[in-house]
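If you read the protein sequences in the order shown, they are chains D and X.
Each residue of the first sequence is one higher than the one before, starting from 0 at the first, in numbering that gives the first Met the number 0.
Each residue of the second sequence is one higher than the one before, starting from 0 at the first, in numbering that gives the first Met the number 0.
Since the hints were made in silico from the structure, they are not lab data.
Worth double-checking, as some hints may not be accurate.
To be verified - The following label-pair restraints were derived from C-beta to C-beta distances:
1) D:R166 <-> X:S99: 45 to 55 Å
2) D:L298 <-> X:S99: 32 to 42 Å
3) D:S290 <-> X:S154: 39 to 49 Å
Beta carbons are placed, not taken as given, at the ideal position from N, Cα and C, and that holds for glycine.
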Amino acid sequence: MSDMPVNSVTTRSWQRTALGDFWAVAAVALVAGALFLLFPTNLALLTRIIAVMLLVLSLDLVTGFSGVATLGHATLFGAGAYAAGIFAARFGVTDPLLMLAIGAVAGALAGAVTSLVILRGHGLSQLVLSIAVVSLAHEAANKLSAWTGGSDGLSGIAPSPLFGLFRFDLFGRTAFFMAVGLLLVVFVVLRIVVRSPFGMLCRGIKQDPVRVRAMGAPVYFTLVKMYAIAGAVAGLGGALSAIATKVVGLDSLSFTTSAEALVMLVVGGTGKLFGALVGTLVFVWFEDRVSAINPFHWLTIIGVLLIGVVLFAPKGLVGAAESLWARVRGRRS
Amino acid sequence: MGPCAGAPVMSLLEVRNLRKNFGGLAVTDDVSLNLAKGDRVALIGPNGAGKTTFVNLVTGQLKPHAGSVHLDGEDITAASPSRRVQAGLVRSFQVTRLFSEMTPEEHVALALLQKQGRSGRVFGDYRGMPAVMAETHEILALLNLDGIAQQPANSIAYGQQRLLEIALVMALRPKVLLLDEPAAGVPGSDTMLIERALERLPGDLAVLMIDHDMDFVFRFARRVVVLAAGAIIFDGTPAEVSRDPRVREAYLGSYADDRSQA
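Turn these sequences into a full structure, and let the hints steer you where they fit.
Shown next, in the form of structure tokens:
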């Protein structure tokens, strides 16, 4: 076999992935731009959606790509939010980029540490352990009110201007643009990570850990590492939310937030980065609209949406769109 | 083995006096076995003879009560299963264990990257690594899998899945290969494909094949080891095994009679 065809295949698929990255980023940026123009008074909501997107992307890494079942993922989001918030409110670290970095580090540490507990279980016991982890974290944040503000929430967070130039204005423009920039960077990095040998190994672990072990590769350590990466992503989301809203509440560290993140991921489609983005956007947007229209029965309507997705699009909205696209292309060729 | 007899015959895999009890029952009873470079050995035995236990002891899934396992001169009795794989002792599975949503190309590339110690890298795409791509497609071509290199493993035919299992273990560049029923479940007409694939295994590789299909074993193996009730009762050529009275009694039974009549 000559080297020529392999090399040309290599370059071609290489160019294709680079082009794919470009279009993916362009699509996200375009949607963000459109939303900015369409809803200029709703920037706070859009920024919150992006913070939650980071949480759901993080959850997708451990659940969608690596097969770890968890209902406690907000622990990592909360760790980032509280770390960035405490450093800002108590130690005067108010540079927003530094706060994001603190959130990422805290999230990564929380991810690595909690994974040591969660990865002890499998299936249902894993779910229960993850709930125990988030409940403990929630209770700890509640009890340590001298640091966290307890149930009143942590206030007194006053981020300094971004790059020393852009103040965090009342309309939330600076926060929104920072959020979009952060999301684009994280999105590209995660696309690289899930394509990497490490990303393939994680997908392998999800599909058959015994086979991965028989290949001589470490299962436990690989998952801890993935948890640390996911923790950094969720921690960034938490820090972003602390910067944008200037408060951190106990709900950022709750079972409810964890469960909602899982629902958003399922709505969008697990194991696809776009699934996490679409699921979060649709869910939070829908929740916001519906609760404004009908404050009493909005949860019921959300429930109907969920049942609809699970029944008619079991692979999530993105999965459904993919199969539709494949069918259209199949018919054309 | 006498001294000064030219180059010493180096055992790649050396199993010494291996013993394992479950409760009071000796499932592996003082088993010793040597495999040298290029060996093609079949391990056969009736159901419950302890073949699976033996494989699990050698690959490290089970710890022996006594005895030792050496790979290429190194004592690996205490080594973890993945450490043994990294050292070159690789097994295949009787029940197909593949990554159902991954393509054959991804399977082989991942195994190659793992062997090179690069499977933990969080950046870089194997499709952008010409050396990995070339080696991957060389292995896939050797097993006639290059035509389906881009299809998910759960959408290819069962026989092809078995071939992919072989491609995967080949990519791990083993010194010693334990094949657990490589043709299990493959329809008779496709067994030829597996046989041909096994003929293409590297010549210096030591292969221990565990199987039930006698015709298959006798075509592949140059040496047959028979396990019964946890102990080795025969170690010799395929031609001798069907003539051995103890083997006939323990295992072959009516099959050997059929064979000699035919």
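- Task: Taking the numbered hints from earlier one at a time, note which ones the structure violates and give those numbers from smallest to largest.
- Result: Hints that this structure does not satisfy do not exist here, as all of them hold.
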